[in-house]
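> All chains, full assembly: derive it from the sequences and hints.
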Amino acid sequence: MAEGAVELAPGHKIGLPLTGPVMLAAGSIGYGEARHRELETGRFGGVVVGPFTRRSRGGSPPPRLAETLGGLVRRAGLQNRGVSAAMRRYGRLWPRMGCPVIAQVADSELQEAAETVGRLSVADGIAGFELLCQPETSEREIGRLLEVLLLETDLPVLVKLPLAQGAALASVAIESGAAGVVVGSPPIGAGMRAGGQTVKGEMFGPGVFPMMLAALLEVKALGLSGSLIACGGVHTQQQARDCLQAGADALQLDSLVWVEPTAAVALAVSLDNG
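In the UniProt record's numbering, the protein residues as written are 1 to 274.
No lab work stands behind these hints, which were simulated from the structure alone. Mixed in with the good hints, there may be bad ones.
[Claimed, not checked] In the EDC-like style, the derived pairs of lysine to aspartate or glutamate whose C-alpha atoms are separated by at most 16 Å in a straight line are:
(1) Lys220 / Asp242
(2) Lys220 / Glu202
(3) Lys200 / Glu67
(4) Lys13 / Asp154
Below, the structure written as structure tokens:
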């Protein structure tokens with residue numbers, strides 16, 4: 001592999017090679033349509049699009065956002081058009097990204113997850129999958145989901161784990177056939193809006209980084225064979241380097257992309273250049 005390249009599916013027959021270690025996390029650019037004009041996706045090692053579910057979801061009722069000292073709380077409710085509609089509307093964007101595109105699958109029901117992956121497996125430009133695990137997902141459920149997904153696709157599948165359960169669930173994910181694990185899904189928090197309304201949802205921003213790094217170190221200590229990807233609150237070059245030093249093979253950017261897209265590009269370029 002070229003200098004700076006990263007393999008996220010070691011040992012997989014197809015593999016999932018990235019040109020660099022910095023990725024865009026699911027939700028940061030939607031299906032590709034929400035990309036800021038100054039965000040050059042070709043500068044990144046890979047992007048995760050989605051989430052995708054078999055059926056469309058309307059998402060959570062407003063309000064959905066509340067600012068906090070360390071970032072924001074966001075309650076989206078996995079809003080999406082459904083896999084078929086998303087493919088028709090946005091599938092043309094994926095081969096043009098200039099880097100590997102990974103599709104995040106958020107179905108928790110076995111048959112629906114299998115159908116979602118089956119449809120996306122034939123889409124142009126999709127190089128792999130990221131299975132999103134909800135906080136209540138058990139070891140048994142992860143194993144069963146991976147079993148049915150791997151029957152539907154020859155592409156590598158990563159598993160995005162909740163931060164709080166990363167160390168507890170990582171082993172079963174790799175043992176069940178995942179190419180790697182992403183640490184991880186945002187923690188749950190609450191924020192108050194100016195009008196007194198409470199928003200409970202996923203936490204984003206620099207305040208998440210210490211929690212993510214702690215979970216990352218715990219998973220790394222397990223010595224698993226798959227790849228390890230960090231995700232959560234990375235906003236600076238030093239934080240990105242800390243992730244790699246802690247044992248991550250790659251890292252995903254989330255909230256930085258929303259607030260400073262040019263800084264996200266600069267971070268990716270800086271790590272590519274060593």
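> Each hint: holds or not?
For each hint, the structure was consulted:
For a cut-off of 16 Å, the pair hint linking Lys220 to Asp242 stands: about 13 Å separates their Cα positions. For the given pair, Lys220 sits about 24 Å from Glu202 by alpha-carbon distance, which is inconsistent with the 16 Å threshold. As the CA atoms of Lys200 and Glu67 are separated by approximately 11 Å, the hinted pair is consistent with the 16 Å bound. At most 16 Å may separate the alpha-carbon atoms for a hinted pair to count; Lys13 and Asp154 meet this at roughly 8 Å.
Of the numbered hints stated above, the single one contradicted by the structure is hint 2.
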